[in-house]
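The primary structure of each chain is shown beneath.
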Amino acid sequence: MTPEEQNFMRKINAEEKIEPKDWMPDAYRKNVIRQMSQHAHSEVIGMQPEGNWITRTPSLRRKVVLLSKVQDEAGHGLYLYSACETLGISRAEMIEALQKGTAKYASIFNYPTLTWGDVGAIGWLVDGAAIVNQVSLQRTSYGPYARGMIRICKEESFHQRQGYEALLVLAQGSPEQKQMAQDSLNRFYWPALMMFGPHDSESAHSAKSMEWKIKRETNDDLRQKFIDQTVPQIEFLGLEHPDSAIKWNEERGHYDHGDIDWEEFYSVINGNGHCNRQRIEHHVAAHEEGSWVRDAITAYNNKKNANKIKNVA
Amino acid sequence: MSDIKAATLEYTTRLGDDSVVLGHRISEWVSYGPFLEEDIAYGNVALDYIGRARMFYTYAAELANDGRTEDDFAYMRNDREYRNLLLLEMPRGDFAYSQVRQLLADVYYTLLLPELVQSKDATLSAIAAKSIKETKYHLRRSRDWVLRLGDGTEESHKRTQKAVDQLWGYTHEMFDMDETEQMLADNGIGVDVSKLHDAWRQMVSDILTEATLTVPEDSWAVRGGRTGYHTENLGHMLTEMQFVHRSHPGCKW
Numbered sequence: 001m002t003p004e005e006q007n008f009m010r011k012i013n014a015e016e017k018i019e020p021k022d023w024m025p026d027a028y029r030k031n032v033i034r035q036m037s038q039h040a041h042s043e044v045i046g047m048q049p050e051g052n053w054i055t056r057t058p059s060l061r062r063k064v065v066l067l068s069k070v071q072d073e074a075g076h077g078l079y080l081y082s083a084c085e086t087l088g089i090s091r092a093e094m095i096e097a098l099q100k101g102t103a104k105y106a107s108i109f110n111y112p113t114l115t116w117g118d119v120g121a122i123g124w125l126v127d128g129a130a131i132v133n134q135v136s137l138q139r140t141s142y143g144p145y146a147r148g149m150i151r152i153c154k155e156e157s158f159h160q161r162q163g164y165e166a167l168l169v170l171a172q173g174s175p176e177q178k179q180m181a182q183d184s185l186n187r188f189y190w191p192a193l194m195m196f197g198p199h200d201s202e203s204a205h206s207a208k209s210m211e212w213k214i215k216r217e218t219n220d221d222l223r224q225k226f227i228d229q230t231v232p233q234i235e236f237l238g239l240e241h242p243d244s245a246i247k248w249n250e251e252r253g254h255y256d257h258g259d260i261d262w263e264e265f266y267s268v269i270n271g272n273g274h275c276n277r278q279r280i281e282h283h284v285a286a287h288e289e290g291s292w293v294r295d296a297i298t299a300y301n302n303k304k305n306a307n308k309i310k311n312v313a
Numbered sequence: 001m002s003d004i005k006a007a008t009l010e011y012t013t014r015l016g017d018d019s020v021v022l023g024h025r026i027s028e029w030v031s032y033g034p035f036l037e038e039d040i041a042y043g044n045v046a047l048d049y050i051g052r053a054r055m056f057y058t059y060a061a062e063l064a065n066d067g068r069t070e071d072d073f074a075y076m077r078n079d080r081e082y083r084n085l086l087l088l089e090m091p092r093g094d095f096a097y098s099q100v101r102q103l104l105a106d107v108y109y110t111l112l113l114p115e116l117v118q119s120k121d122a123t124l125s126a127i128a129a130k131s132i133k134e135t136k137y138h139l140r141r142s143r144d145w146v147l148r149l150g151d152g153t154e155e156s157h158k159r160t161q162k163a164v165d166q167l168w169g170y171t172h173e174m175f176d177m178d179e180t181e182q183m184l185a186d187n188g189i190g191v192d193v194s195k196l197h198d199a200w201r202q203m204v205s206d207i208l209t210e211a212t213l214t215v216p217e218d219s220w221a222v223r224g225g226r227t228g229y230h231t232e233n234l235g236h237m238l239t240e241m242q243f244v245h246r247s248h249p250g251c252k253w
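Heads up: the sequence lines are chains H and U, in that order.
Each residue of the first sequence is one higher than the last, beginning at 1 in the numbering used here.
Each residue of the second sequence is one higher than the last, beginning at 1 in the numbering used here.
Hint data in this document are derived by calculation from the structure and do not stem from the laboratory.
All the pointers check out, no bait thrown in.
Restraint ranges, calculated between C-beta atoms of paired labels, are given here:
(1) U/ASP165 x H/GLN99: 33 to 39 Å
(2) U/ASP206 x H/ASN302: 20 to 26 Å
(3) H/GLN99 x U/ARG223: 44 to 50 Å
(4) U/THR212 x H/PRO25: 50 to 56 Å
(5) U/GLY235 x H/LYS100: 37 to 43 Å
(6) U/ARG80 x H/ARG151: 43 to 49 Å
As a list, the in silico DSS-like pairs of lysine-lysine whose alpha-carbon atoms are at most 30 Å apart:
(7) H/LYS154 x H/LYS11
(8) H/LYS310 x U/LYS158
(9) H/LYS178 x U/LYS252
(10) U/LYS136 x H/LYS308
(11) U/LYS136 x H/LYS304
(12) U/LYS162 x H/LYS303
(13) H/LYS303 x U/LYS158
(14) U/LYS5 x U/LYS120
(15) U/LYS5 x U/LYS130
(16) U/LYS162 x U/LYS136
(17) H/LYS11 x H/LYS208
(18) H/LYS17 x H/LYS104
(19) H/LYS11 x H/LYS213
(20) U/LYS130 x H/LYS154
(21) H/LYS17 x H/LYS213
(22) H/LYS225 x H/LYS154
(23) H/LYS225 x H/LYS17
(24) H/LYS154 x H/LYS17
(25) U/LYS195 x U/LYS130
(26) U/LYS158 x H/LYS308
(27) H/LYS213 x H/LYS104
(28) U/LYS133 x H/LYS304
(29) H/LYS303 x U/LYS136
(30) U/LYS120 x U/LYS133
(31) H/LYS154 x U/LYS133
(32) U/LYS195 x U/LYS133
(33) H/LYS225 x H/LYS104
(34) U/LYS136 x U/LYS120
(35) U/LYS162 x H/LYS304
(36) U/LYS136 x U/LYS158
(37) U/LYS158 x H/LYS304
(38) U/LYS252 x H/LYS154
(39) U/LYS252 x U/LYS130
(40) U/LYS195 x U/LYS136
From the three backbone atoms N, C-alpha and C, an ideal C-beta is built for every residue, glycine too.
Working from the sequences, and respecting the hints, build out all of it.
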């Protein structure tokens, strides 16, 4: 090990944060960029399935809550892109990677939001799963990422509560509303479990990420946490658990659960979900439609700067 | 209900309709902006307007005192019952179209709200006072955008001029008074918007001119928002906005 590598590993082992100007192995840099940009893209693409309901919220209060939530997600995206830029990659490069498909985003957003209940289910289950992961990432070794997570987790907790509360109202409402809640739970439960990624034994990046403390807990451990916390929440709603095999295991101190459909997981990851193409096309279309606006800003600023120089001269 | 109270209910409903319709149109931009910062900004402005709508409708419900709530006003009236200004219901269009509409509306509210703060009706005055701060920020943003788009590239200039030309005819009715509003203005409750027209035209013209845009001739004017004679756009907007609420009558959300 070079002295630089030694110093880097000393910091990692001592739980000191790695900061933008610190020396870091290239592979570490790439790994953090991959994870942070994927996180940022998830926030941004996640605006679409929820945005799908902004114009159809069933009350004005829900409209305000949903608008605020989606706006928060955009803010998280912005924050994460900026944090990621400290590693020497530009937002434009990251967006290009997203649009070309070389960078990923959370696969959950390739599932369609078909009813109002889905907005509640996303807040409760998807943000809920994200929080389990992100709470763990508050201790991640890259300083800007860790600090970003602390801030983002606070807002995500609100999101989860608003989603759960929206579903609670449905679950206690008319038979049709209750059915809507059950249907949303059924469709989003399993994809939410898949958000933690493949089994540890199958996870390509896990070992190195754990060693470098980019990841702090394994996929399966985090998933188990989420499964455990969700059981009483489903009971409180009075809905049926989508996993008929769910059963408390006294010995393990955890719930046993049914098998996840990994074939579906890989199929969606590989681009064959309901909305994979739609999500990227939407992003590309908005980006391209915005190009004349971005050009206008550049042209305007150039004119103003030229005038300033002329005036000084 | 006294004449004044009935007129105040009508007036408050109009202001609520204006806010919900524009707020809805702006909210259509979320995830469609030219870059992420604009998605956030649009979300902010939409939130301000929906917030305003809720305050106006809540007050309208209080005045009506017939068991209706803010959501009954927003979700249970059809387009012939809506009383919003036509300008605000026009589709979101391209980025230039939305920013020009926003500028025309922002200048309007910049002039209207300080007058409404003077209202003898304490609730209307309080809503106006809260909204003034938001509108100050809205105008700064829409003005900056119109300057940049008007004086940006050839394409942005063309799109922005087109938007101004397409929207201008819908601005005249913003300054119309009818019996209801005249009675409220005479009683120190409502604003005499006819008195705002000159100042509005001056402010808007100054900004358009600075943006190298041409101020259109007043050759055409479309009217009808305040009597429920809308463009075809509002019906589609309300269909989308109201369908979940109306599909489940009497439910809580």
